[in-house]
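Chains as they are written, first to last, in my numbering: chain A, 113 to 250; chain B, 113 to 250; chain C, 113 to 250.
Because the hints were derived from the structure by calculation, they are not lab data. Take the hints with a grain of salt, since some may be wrong.
If several chains are the same, the list does not tell them apart, and a pair holds so long as it fits within one copy or across any two.
[Stated by the list, open to error] Derived pair list, reagent style DSBU-like, types lysine-lysine, alpha-carbon separation capped at 30 angstroms:
(1) Lys-114 / Lys-129
(2) Lys-129 / Lys-192
(3) Lys-173 / Lys-192
The lines below spell out each chain.
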Amino acid sequence: MKELKRENGLVILRFDKGEDLMENLTGWLEEQGIQSAAILGGIGMLSHMEIGRYDGREYSKITENESCEILSLQGSVSMKEGKPFVHLHVSFADHDFHAIGGHLFSGTVSMTIEMVIAPMSPGLVRKPMGGVFWQMDS
Amino acid sequence: MKELKRENGLVILRFDKGEDLMENLTGWLEEQGIQSAAILGGIGMLSHMEIGRYDGREYSKITENESCEILSLQGSVSMKEGKPFVHLHVSFADHDFHAIGGHLFSGTVSMTIEMVIAPMSPGLVRKPMGGVFWQMDS
Amino acid sequence: MKELKRENGLVILRFDKGEDLMENLTGWLEEQGIQSAAILGGIGMLSHMEIGRYDGREYSKITENESCEILSLQGSVSMKEGKPFVHLHVSFADHDFHAIGGHLFSGTVSMTIEMVIAPMSPGLVRKPMGGVFWQMDS
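Produce the entire structure from the sequences given, and follow the hints as far as they go.
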């Protein structure tokens, strides 16, 4: 993973083949002391993605092992139980170019991922609302 | 609805369960006097969404009542007939994680929506181009 | 194509009916001397889109000729062989509102496209990694 550019409040990150996207992103946030951020975009390819859909009580999950084109990444960074928490939703294309997506739990970078993130000063936190639902607050 | 953070030209908004997304967003824009903006992202869950697809003359519409994971929100704010107009396109995941989307007419927040918006000084306007088509201009 | 607004590091571009999206965007980047940028969003409609999916060796491609609602555009601008190169991924809705997407090679604006781009100082470059894969670097 490499920080390619930082300007006008935006950072361009590049993740490399074989990297765990969430682990590497969270590690970079911790190193940089970034507790709050908006994740504005991300394209490239991911494999071994675990994505979820919340049913009001819990997440139903599926795994996509194949390497897929990422169509969009959007999300946020806030503090949850003292650590930076990445809340990220993904859409990606399957074999036939059909889009699939959900809440991204994990994924492995295949080829490359180019991400745009806007780090902010501390202030965004995640508060428990019952069950697995933690709401972003300030 | 709550403004969680405003920094580097970006505002993080959180919408809460049961809120009408468009009404609340438009109300906030009017309160703040925001006439132009870029809507850079939004994730969370929406239900009772009305989405459309323009056929060159009019919108064909469908309604999704179930609570769905929002994969992406992108759009703009401009002035149309003296009021801030939200032009927003959405993609969301159905039961089987398949993505569906279109022009978002309305939707009810289920659980939460986290939105990233970049307010700008006035200047973006929407001009009638014939039929239901209004083009953004300055 | 028209630049509607430039503020806080963001530019709002509007592309018009019949324009070639990639040619017009690349032409504008060259005129402006923009060598690096983040493409943060884009909505509207495109037709005659050629999209691809990388299989690790080459791109398999499909063409969508019909006019489709664009759900999201995300990407980057970097220098490749001395020219600004647009790396853009798209998701769009088909007849039945189902989302389709991939790496966008080309497309014709139908109705309008509203794009949000964050120009940056020079520094992002694309380096050959073997085959058709060029990785963004700095």
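Against the structure, the hints come out as follows:
1. When the C-alpha separation of Lys-114 and Lys-129 is checked against a cutoff of 30 angstroms, the pair qualifies only within one copy, where the shortest distance is 12 angstroms, while the shortest distance between copies is 38 angstroms.
2. Proximity of Lys-129 and Lys-192 under a CA criterion of 30 angstroms is satisfied in both settings, with 28 angstroms inside one chain copy and 21 angstroms between copies.
3. In this homomeric assembly, Lys-173 and Lys-192 come within 30 angstroms of each other (Cα to Cα) only inside a single copy, at 22 angstroms, whereas the closest approach across copies is 39 angstroms.
Violation of the numbered hints given earlier is absent; every hint is satisfied by the structure.
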